[in-house]
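Participant: Protein chains in written order, with the working numbering: chain F, 1 to 113; chain B, 1 to 478; chain V, 1 to 479.
Please keep in mind that the hints were generated in silico from the structure rather than gathered at the bench.
Heads up, the beta-carbon is just placed ideally off N, CA and C, and yes, glycines get one too.
Wrong hints could be hidden among the right ones.
What the hints assert, rightly or not - In silico contact screen, one side only, chain V against chain F (beta carbon under 10 Å); selected entries:
1) Lys22
2) Cys42
3) Gln58
4) Ala59
5) His144
6) Val147
7) Asp274
8) Glu280
9) Pro281
10) Asp289
11) Gln293
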Amino acid sequence: MSGTEEPGRAESSGPGQLSRSDVIHVANLARLALSEEEVDRFTAQLRTVLAHAADVAALDLSHLAPMAHPLPVENVLRPDEPQPCLDRAEVLAAAPAVEDHRFRVPRIGSEPA
Amino acid sequence: MSTAREVAAAVRSGARSAREVTEAALAEVAGRDGELHAFLEVLGGEALGQADAVDAAIARGEDPGPLAGVPIALKDNLCTRGIPTTCASKILEGWRPPYDATVVELLRAAGAIALGKTNMDEFAMGSSTENSAFGPTRNPHGLDRVPGGSSGGSAAAVAAGFVPLGLGSDTGGSIRQPAALCGVVGMKPTYGRVSRYGLVAFASSLDQIGPFARNVEDAALLFDVLAHHDPCDTTSLRHEAPPTLDTVAAGVEGVRVGVCPDLIEGCAPDVAARVYEAAEVLRAAGAEVEEIKVPEFAYGLSAYYLIAPAEASSNLARYDGVRYGLRVDAEDAAGMNTATRTAGFGAEVKRRIMLGTYALSAGYYDAYYAQAQRVRTMVVEAFGRAYASVDVLLGATAPTTAFALGDKVDDPMAMYMNDICTIPSNLAGHPAVSVPFGAGADGLPVGVQVLAPALHEALLFRVARAVEAGAPQTAWSA
Amino acid sequence: MSVEAGWETVIGLEVHCELATKTKLFCACPNAFGDEPNTNVCPVCLGLPGSLPVINAQAVELAMRIGTALHCAIRPSSFARKNYFYPDQAKDYQISQYDQPINADGWLSLPDGTVVGVTRAHMEEDTGKLTHVGASGRINSAHHALVDYNRSGVPLVEIVSEPDIRSAAQARAYASELRGILVATGASDGRMEEGSMRIDANVSVRPVGAAEFGTRCEIKNLNSLRSLGRAIEYEVARQIALIDAGEVVRQETRHWDEAAGRTESMRSKEEANDYRYFPEPDLVPLVPDAAWQERVRVEMGPMPADRRAELRQALGGSPSEAEVDQIRAVVDLGLDSLVLAGVAAGAPAPLALARASNEVAAEGEAGLALPAEAFAALLALEGSGALSATQSKAVLHELVERGGGDPAALAKEMGFEALGADSLAAVVAEVIAARPDEWKRYVEGDDKLGGLFTGAVMKATKGQANGKDVAAELRRLRG
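Working from the sequences, and respecting the hints, build out all of it.
Facilitator: Dropping the structure here:
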């Protein structure tokens with residue numbers, strides 16, 4: 001699994017060489033705005049954490065399968081039978097903005113890729 | 001202080017009313033939680049209403065449940081319908097879920113009284129409860145000390161005697177470590193034993209809900225109430241086991257205990273000493289005690305700090321200002337997402353979201369996330385080899401006693417080191433429990449940790465009970 | 001519209017099919033179109049904190065039927081999270097299938113004989129529905145947007161074809177055939193106008209004989225076969241014109257504007273999305289064993305291609321061109337079992353086929369409800385000559401109106417007595433006796449007069465006579 005459908009990033013640094021621009025890029029992906037000071041601070045802190053992760057990255061574990069689940073279970077399904085839904089008023093009461101029984105958001109700048 | 005079993009027995013027999021028990025607990029909280037700040041929300045009216053319902057059921061001759069009238073503290077990442085559930089974050093401040101977590105429904109059916117929602121590290125990310133957006137909780141054994149985290153509020157509420165029982169969640173040690181620091185029992189079940197439906201997710205493949213109590217039998221009682229299959233949770237186990245309370249006092253004759261240096265060596269000497277003393281207690285009680293090394297545990301911390309943030313970065317994407325919670329407006333939807341999340345999340349949460357996003361991003365998935373999942377397999381296999389020759393493992397829970405507030409907030413890596421003994425069980429999905437065992441050199445509580453193979457909670461509680469029985473007497477002993 | 005000479009069109013289609021389950025993919029909310037906004041929602045499909053997905057067994061069943069119908073390998077599969085922020089995505093990630101899809105490596109045959117590869121047909125959840133509020137209702141000029149999560153979590157199967165399609169007409173044929181299969185398997189109601197089947201087309205051009213593919217553009221959300229065809233033709237012409245002018249086709253996503261009749265670039269961010277796929281930790285793998293796959297195959301019944309083959313066989317194996325069209329129409333409408341019932345009851349296959357594809361088809365929904373036994377009995381009456389073609393059609397209409405009945409009794413009620421052979425002979429004799437001169441000329445070889453006599457017999461019997469029987473009797477008498 002490579003993690004992306006269309007590679008589009010201009011530069012990439014290797015693992016363990018987290019750069020400021022990596023942090024800015026990742027913050028954008030995660031919809032977080034960072035001040036310059038925060039970018040510096042987070043870059044330093046994340047570098048420290050990733051340095052510790054380097055001991056993991058360096059291991060030769062090619063003979064092991066990545067574990068997705070602690071316990072081997074398969075085929076967990078439920079019957080195709082309707083159950084009561086939530087009360088719309090209760091749902092919309094928690095919404096920051098409502099119009100016409102729908103959740104209202106500011107205009108959407110672009111389509112998702 | 002009464003045990004949960006004593007309270008339930010008194011209420012069931014009519015010796016005490018649930019209302020009286022609840023009023024007393026609420027009074028204690030009102031009197032003393034001002035300085036501890038264990039609770040974010042105290043459920044005065046709701047709790048009394050629940051208590052009255054329990055009393056009414058008893059009056060009608062109905063069975064009110066095994067936890068009848070027992071007040072319980074709920075970590076604030078458990079959804080409680082109509083009651084604020086904030087995960088100690090500004091981004092969910094005031095959010096009232098339209099549904100109850102499965103465990104909340106089970107507790108209600110068992111007659112327990114939800115007394116309040118407790119403080120925690122924001123979105124369960126932390127080991128000290130200092131990452132709460134609403135101020136830290138203080139350790140009842142030392143007001144300048146942390147209670148541990150992320151379930152610090154529930155641990156403190158039980159340790160302070162406000163409630164006999166608490167619920168927390170454990171992803172990398174968030175029940176066991178605060179239990180150790182607060183001198184109470186804290187247990188993490190086998191992954192899948194307790195339904196996660198209604199637990200606000202941090203790291204989905206690691207999270208488990210578990211009990212806090214002042215003694216092992218109370219913890220076993222609460223565990224038994226919660227450990228049931230839930231069709232609303234795909235990862236919920238179908239394996240139903242007999243109640244662990246039935247066998248908790250069966251003793252440890254012939255049980256093979258593996259004392260694990262890899263869960264002791266990185267710890268402070270006074271903590272290590274307690275673990276070896278606990279080993280002697282078990283030997284005297286008839287267990288076969290030997291040393292067993294599991295060096296693979298050393299890689300657990302790094303793997304955890306890749307997997308947990310990765311899953312968290314995805315689980316926390318939903319906090320975008322659209323459907324619930326905080327919204328900070330902007331020109332367009334993407335801008336609104338960013339402004340909302342930037343204002344609503346604290347520094348630790350942002351740090352982990354970025355770490356996780358990075359670990360999953362294009363080009364790094366294999367080196368980080370997939371590799372960390374291979375380490376997980378390695379840890380599971382290492383546990384398997386250990387359990388070929390022993391039945392349970394013994395180690396420390398936390399590397400030190402409770403540290404001072406403010407001590408580690410500026411050093412994330414130092415904070416993360418608090419989890420080195422607890423993480424392996426989360427990675428493997430195995431059950432583990434912290435049992436209070438004496439004090440450190442500073443007089444603050446120490447907890448020792450018992451680990452058991454998947455599904456072996458009954459054995460886990462048996463060994464924990466034996467440790468408890470031989471523990472040095474302290475002011476906070478069971 | 002023909003493509004400029006020297007150019008080859010290369011098309012791959014991605015079809016999103018909404019599954020016709022009662023509930024959503026991961027929760028038990030109703031899967032319904034057109035309900036009041038945000039009334040079919042729950043913690044799971046709203047992505048509320050603490051919610052968890054549980055897979056709908058029927059969705060898996062239908063996904064497997066689709067895979068079987070498309071000749072795919074049905075494999076152990078798992079789910080993955082596709083992470084991106086968008087207001088109609090309740091969790092800001094979609095649960096989909098990535099590197100382990102349930103169905104892979106299949107194919108679909110087109111009527112012209114082309115075999116189009118099907119790369120995969122995987123399961124995923126649908127998003128909520130966005131309404132852009134502003135000047136034109138289109139995203140670019142909107143002021144704000146509204147979200148309805150009724151559709152959030154509806155089960156989808158995404159069917160991805162290999163780039164084996166070479167024209168707009170083939171693309172339409174592929175989509176039409178696929179739609180037929182989706183309806184036949186029960187996986188979908190096929191209502192494209194309700195969004196049950198949404199098509200994205202990947203279109204590129206290259207010089208004939210070129211080994212490499214050209215740069216492709218993705219045209220999104222084509223919701224009718226007509227739009228599909230028009231959009232492809234426009235896009236092909238656009239790309240060829242660009243290249244002819246010395247320019248380069250930019251790889252991008254484009255929107256088809258039905259009213260304007262052109263594709264438009266969608267102004268997205270320059271950066272492509274990094275979806276950060278990883279295995280969905282809240283779900284466990286699906287492992288359909290051989291017994292389960294066999295059950296699916298059995299319960300699914302025959303597919304349109306198989307059913308058309310069965311009708312061809314009933315017609316003796318070499319249908320005429322008209323009959324080929326009738327066969328396709330009858331299978332498309334689901335009337336083939338009716339035809340086969342008629343044949344089984346002894347009716348001539350061409351007659352059964354003709355009545356079904358003309359008269360029954362014309363009755364619409366009510367025609368679909370016509371009981372097979374009634375249809376078969378009616379055909380027997382017409383086939384044996386007991387009823388004329390005219391009478392048979394009238395009785396058929398009445399049968400459909402009444403939702404069934406006994407054709408013989410109905411015919412009697414309507415005054416259509418079967419004209420017995422003796423009665424017919426008597427009427428013919430009478431008509432001949434009344435026209436001795438014309439009869440002499442007919443006997444001597446004036447065939448045109450046959451029509452005169454037939455007409456007179458039909459008039460005398462008020463249409464009850466069977467035209468063929470009359471002709472046969474005349475010939476017999478002529479000698």
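Participant: If a hint holds in the structure, say so; if it doesn't, say that too.
Facilitator: Against the structure, the hints:
no.	hint	in the structure
1	Lys22	5 Å, holds
2	Cys42	5 Å, holds
3	Gln58	4 Å, holds
4	Ala59	7 Å, holds
5	His144	5 Å, holds
6	Val147	4 Å, holds
7	Asp274	5 Å, holds
8	Glu280	9 Å, holds
9	Pro281	7 Å, holds
10	Asp289	9 Å, holds
11	Gln293	13 Å, violated
Hint compliance for this structure: hint 11 alone is broken.
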